[in-house]
Structures are given as C-alpha cells and as structure tokens.
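S.K.: Chains A and B, in that order, give the protein sequences. When the count follows UniProt numbering, it moves up by one through the first sequence with no breaks and lands on 318 for the last residue. When the count follows UniProt numbering, it moves up by one through the second sequence with no breaks and lands on 278 for the last residue.
No lab work stands behind these hints, which were simulated from the structure alone. Ideal placement from N, C-alpha and C gives every residue a C-beta, glycine not left out. Hints should not be assumed to be uniformly reliable.
Unchecked claim - So the derived list for chain A, only partly shown, Cβ under 7 angstroms to chain B, looks like this:
| # | residue |
| --- | --- |
| 1 | R29 |
| 2 | F59 |
| 3 | I129 |
| 4 | S135 |
| 5 | V139 |
| 6 | A203 |
| 7 | L205 |
| 8 | I208 |
| 9 | M212 |
Unchecked claim - Pairs of lysine-lysine, DSSO-like flavour, derived with a Cα cap of 30 angstroms:
| # | chain 1 | residue 1 | chain 2 | residue 2 |
| --- | --- | --- | --- | --- |
| 10 | B | K104 | A | K217 |
| 11 | B | K6 | B | K104 |
| 12 | A | K30 | B | K104 |
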Amino acid sequence: MSTTTSSDTELRPRSSAKPQLSDRAKSERKLGWKLAGPAFIVMLAVTAWPIIQAVYLSFFRYRLTDPDAREVVWLGNYQVILTDPIWWKAFFVTLLITVITVVVELVIGFFIAMMMHRVVIPRRTLRTIVLIPYSIITVVSAYAWLYSFRTDTGFINGWLNILTFGLVPDNFDWFGGFWPSIVAICLSEIWKTTPFMSLLLLAGLAQIDGAMEEAAKVDGATFWQRLFRVVLPNMKAAIMVAVLFRTLDAFRIFDNVFVMTGGANDTTTLSLLAYNATINRVEIGMGSAISVLLFLCVFAIALIFMKGFNVDLAGSKK
Amino acid sequence: MELNPKQKWSLFAVSIPVMLWTLIPLFWIFSLAVKPSSIQADGKYFPREFTWDNFTLILTGGASDLFLPALLNSIIVCLVATVISVVLATFCAYAIARLDFPGKKMILLVALGVSFFPVISLVTPLFDTWRAIGLFDTIPGLIIPYLALTLPLAIWVLSAFFQQIPWEMEQAAQVDGATSWQAFRKVIVPLAAPGVFTTGIITFFTAWNDFVFAISLTSENARTVPAALAFFTGASQFEQPIGAISAAAVIVTIPVVILVLIFQKRIVAGLTSGAVKG
Numbered sequence: 001m002s003t004t005t006s007s008d009t010e011l012r013p014r015s016s017a018k019p020q021l022s023d024r025a026k027s028e029r030k031l032g033w034k035l036a037g038p039a040f041i042v043m044l045a046v047t048a049w050p051i052i053q054a055v056y057l058s059f060f061r062y063r064l065t066d067p068d069a070r071e072v073v074w075l076g077n078y079q080v081i082l083t084d085p086i087w088w089k090a091f092f093v094t095l096l097i098t099v100i101t102v103v104v105e106l107v108i109g110f111f112i113a114m115m116m117h118r119v120v121i122p123r124r125t126l127r128t129i130v131l132i133p134y135s136i137i138t139v140v141s142a143y144a145w146l147y148s149f150r151t152d153t154g155f156i157n158g159w160l161n162i163l164t165f166g167l168v169p170d171n172f173d174w175f176g177g178f179w180p181s182i183v184a185i186c187l188s189e190i191w192k193t194t195p196f197m198s199l200l201l202l203a204g205l206a207q208i209d210g211a212m213e214e215a216a217k218v219d220g221a222t223f224w225q226r227l228f229r230v231v232l233p234n235m236k237a238a239i240m241v242a243v244l245f246r247t248l249d250a251f252r253i254f255d256n257v258f259v260m261t262g263g264a265n266d267t268t269t270l271s272l273l274a275y276n277a278t279i280n281r282v283e284i285g286m287g288s289a290i291s292v293l294l295f296l297c298v299f300a301i302a303l304i305f306m307k308g309f310n311v312d313l314a315g316s317k318k
Numbered sequence: 001m002e003l004n005p006k007q008k009w010s011l012f013a014v015s016i017p018v019m020l021w022t023l024i025p026l027f028w029i030f031s032l033a034v035k036p037s038s039i040q041a042d043g044k045y046f047p048r049e050f051t052w053d054n055f056t057l058i059l060t061g062g063a064s065d066l067f068l069p070a071l072l073n074s075i076i077v078c079l080v081a082t083v084i085s086v087v088l089a090t091f092c093a094y095a096i097a098r099l100d101f102p103g104k105k106m107i108l109l110v111a112l113g114v115s116f117f118p119v120i121s122l123v124t125p126l127f128d129t130w131r132a133i134g135l136f137d138t139i140p141g142l143i144i145p146y147l148a149l150t151l152p153l154a155i156w157v158l159s160a161f162f163q164q165i166p167w168e169m170e171q172a173a174q175v176d177g178a179t180s181w182q183a184f185r186k187v188i189v190p191l192a193a194p195g196v197f198t199t200g201i202i203t204f205f206t207a208w209n210d211f212v213f214a215i216s217l218t219s220e221n222a223r224t225v226p227a228a229l230a231f232f233t234g235a236s237q238f239e240q241p242i243g244a245i246s247a248a249a250v251i252v253t254i255p256v257v258i259l260v261l262i263f264q265k266r267i268v269a270g271l272t273s274g275a276v277k278g
C-alpha cells in the first residue's frame, strides 16, 4: 500500500499521506474507533483480563478449601507441574490426538471437498448432509459414539464381527485400554470436525482457475499429476489455514474425552488436566499454572505455523 | 469441467458412503431414544420395538425438572450472547470495511488470537472470581465468558461479508436524490442483513456447543443442556440413563439440523468467507 510510486498521480483518497490529515480523515479515524472500540474492549475484557488473572494466581499456593493458607510460591507451581509425569503424559496424549485427527481429517476432508466440488446429482443434499455434524453439539456426538462403541449398548462390535467373519470378538471392550480408547475418541472428533475442514478446502478448490487444470489435461497430464502439480500447489494457502485452525482446535480437545473416557486409561488431555485441578481439586494456583502453560502451548503452535509454514493470515485480507 | 453421464453417476456412487458415514451416528442416537429400556442393550442398530417413553420422561416425567430448565438456560444464554456479539460486531465490522483508521488490522489479529484461545485457560480465573463476586452459577456468569467464544467469530465473519458489499451504491442512491438515511436503509441494510443473520446463526451454534464453561461455571441453577446431559444420572449415581440422554440429545439436535437444512448455502458462505478469504 505504501509503496505507491510518485508517478502514481491518480486520485487516491484512501492512501494516507502521513503529515497532514484532512479533517475528514481525522473524523473518520475517530468514528472508526467509536464503532469498533466497544467490540474490541469487550473482547479484551473477557479474555485478556482473565489470562492476566491466571498468571497472577499461578504464583500462589492457593486452594479454595483452605483459602487462609494462600501463599506466594513464585514459580513453584510450574516446577511441580513440569517435573510431574502426569503433565507430560497428558501433553503427549493431546499431541497424539491432535496429529491423528488433523492428518486423517486433512485426507478425508480433501476427498470430500473434491467430491463436493464435482458432484452434480445430489449436490445440495450432499452439501447439507456433510454440514450436519458441524452443527451438532460435541457432547451429543460424543454420546452417540460412546454408545455405539460400548459393549452393552453398542452396535459397532456386532457389525465388526460380521464384517471380519468373526475375527473381531463381539464383546471387545473399546474403553478397556489406551489405544482402543484413543481410536474411539479420535473417531468421534473426526466425525464432528471433518465438515469444517472440507468446507475450508472446498473454498480453496473453488478459487483455483479451472482453465489451468483443463490445460494440464489437454497436455496429457494424468489425474495424479494434475492433483499434485496443479491443484495442490494452487490451494496451499487454503490447506495451511485449514490445518492451522484444526490443529489449534484439536489441541484444546475436552468434550469428547470428558464424555467418553473421563480421562481413564491415561487418556487425560491437557484441558481435562486443567479442569480436574480447578474444579475437582479446587487447587486454584495449580489450575492457573496449567492454564497458563496450555495457553503458551497454543501460542507456540500458532507461532510455529505462521513462521514455519509462512501462513499470512492478516495479509490475505485487503 | 464437463462431466459425462458415467462420471456423474460414479461420483454419485462415491458420495453415498460419505452420506452414510454422516448419518449412521445420528440415526443411532435416535434409535436409542426410541428403544424401550428392556431392549436398550441388545446392540441392534435398528430398534425392534418402538416407544416414546424416553421423550415423555424428559419432557413431562421424572427427568423434566433436570432437562427443561437446562433447555431454557441454554436458549437464554445463547440468544443473549449472540445478540450482544452480533450487535457489537456489526458496528466493528462496518468500521473495518468502510472506514480508514489505524488499528484495523490489529483488531482483526486480536480477534483471531482470541478465537485460538484455549477456553479452559479462562476457566480457572473466572471460577475464582465468579465465586468471589457471586456470578458463579448464574445466567450472566455464563453470558460474559460466552462473549469470548462468539465475539471474535462474529467480527471475522461479518467483516468478510461487509467487504463484499458495494458501498458506492449508497452514494449512487444519494446522487439520485435519496437522503443519506434513506440510502442506508433502502440500499445497505438489505445488502447487509443476510450477512448479519448468517453470522447470528453461526454464532449461536458456537455458543450452543459450549461445554467447558457450562460444566465449570455452573452447578445447578444455570446449567445448560450440554452440561446437563453429562450429569444426567439414573437410579444410582453411577448409572447413565441411556434412553433419557439419547432422547434429550435428539431434542436439542433437531432444531439445529432444521436450521442447517434451511440455511445451508448461507452458512457455508459465512464459514468459508470468514475463514479463508479473511
């Protein structure tokens, strides 16, 4: 914007010449902040203030059942957490769930997006049906999957038993061990959030110039060549944004785990760890420290993505 | 790209498994809701017998004093949070799309940052403060944190919508003799209204889906549906009343699915323009 050359003499009312602002521009600035200010202030008040409060509280040994014993321990809580295997277990479980769900969703989501892009016959129906899981409460989807996997009420064991000709016993306890529980949790998360991924990818697909693909086809490129040489490179930005959004979202996973295992079989995620510290054990100081650490993790992921993969989120907006 | 009939139908064939994958868990929860408790654990996907008992149980029967207040709380909290967010975001997005002022980009970046926020990180400080000032387990005590979920989303989606509005048309109308109020009302409002409405729906979904705040910041008075579902108990504390939970799940899902069916196109436009182009 600021690199307009001097030869560019056409009238550009919006290009802000720094030194003298016209009265009109000044009043526009004022009006801009008057209109945008309230939303901005409310947004900061409901997030920045609690996080500052969390940082402050994290320096205390502070338990609600014993409020008088509140004392400053500085970084003591952090030291306790970071040397505790429970934190690291939860950290790796969260990371594991994030990686599995994002990778699977990217593949399935891309497949669905390609299909939605092309399908003509039940087009509207398909797009509507694919969107439904997005609108369903996560807790509801977690229950639907919990009850389908459970040995008493579930139908999945019965179906698997038939499909594998009896190889899978029809009383397999999905919530009896770590890996089966992870599979169940990931499946319900994937079911619920793939629609969002495919919508973002569909938008990316729609922005590709169809003529390019057509030209590649005329030149004799196979389907896979077109996919990897033309389609994917041209929607890199959309893929990056979709992966970033989903990664940050998956890293905060809570509802599914709470409903399906409640953290049993070592499936406690970081969010659940923070919840347990605050709500179940009312250890406000410890809970705050976990909250701050979780916040830092999410912040780090966002930074890695933006720097490492060169996602320019604000720049794409003119 | 032109497709021949054979390609069309093969695409139709691959779309069937995708639709089934989406619908199977949904029908399953419905199936559980209409199974009588005697066959609840038979593991059959389709119910062999059919009953409305579970629905009457939560709507008029023994569990209604758990479910109905939660439903009412959910509706109030989500509606109020949506209205506040959409009103504030409309002003904000209008300013961002229409006016030139420093800090525009920063507002959008902050909104983005806030929407990445791990909500559980807000729970501990809010839990402590809300208990101290008496907002714990109250409706306003939920509405305020819900703004953290809904406001950034509303700002992003709306500013993407507003940037597509041809604002020059307002001036054109004024040139043609309309007063500025008339020009705004007759030209801009009809163009902006669908975007505002869609943002409202998307915002409402987000609030309706919240579970973390609902279970952490309430105990019984202000509990919303998702939280109430997780704490439904049967005859004993450790027994889950599967039929009642499923029936409640069906009731809270149906209106949302109807909304999606009606406004499918607009919701897709809102989500993708907010996320990708924005």
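S.K.: All the hints need checking, so say for each whether the structure fits it.
M.R.: Consistency of the hints with the structure:
no., hint, result
1, R29, "4 angstroms, holds"
2, F59, "13 angstroms, violated"
3, I129, "5 angstroms, holds"
4, S135, "5 angstroms, holds"
5, V139, "4 angstroms, holds"
6, A203, "4 angstroms, holds"
7, L205, "11 angstroms, violated"
8, I208, "11 angstroms, violated"
9, M212, "11 angstroms, violated"
10, B:K104 - A:K217, "43 angstroms, violated"
11, B:K6 - B:K104, "51 angstroms, violated"
12, A:K30 - B:K104, "12 angstroms, holds"
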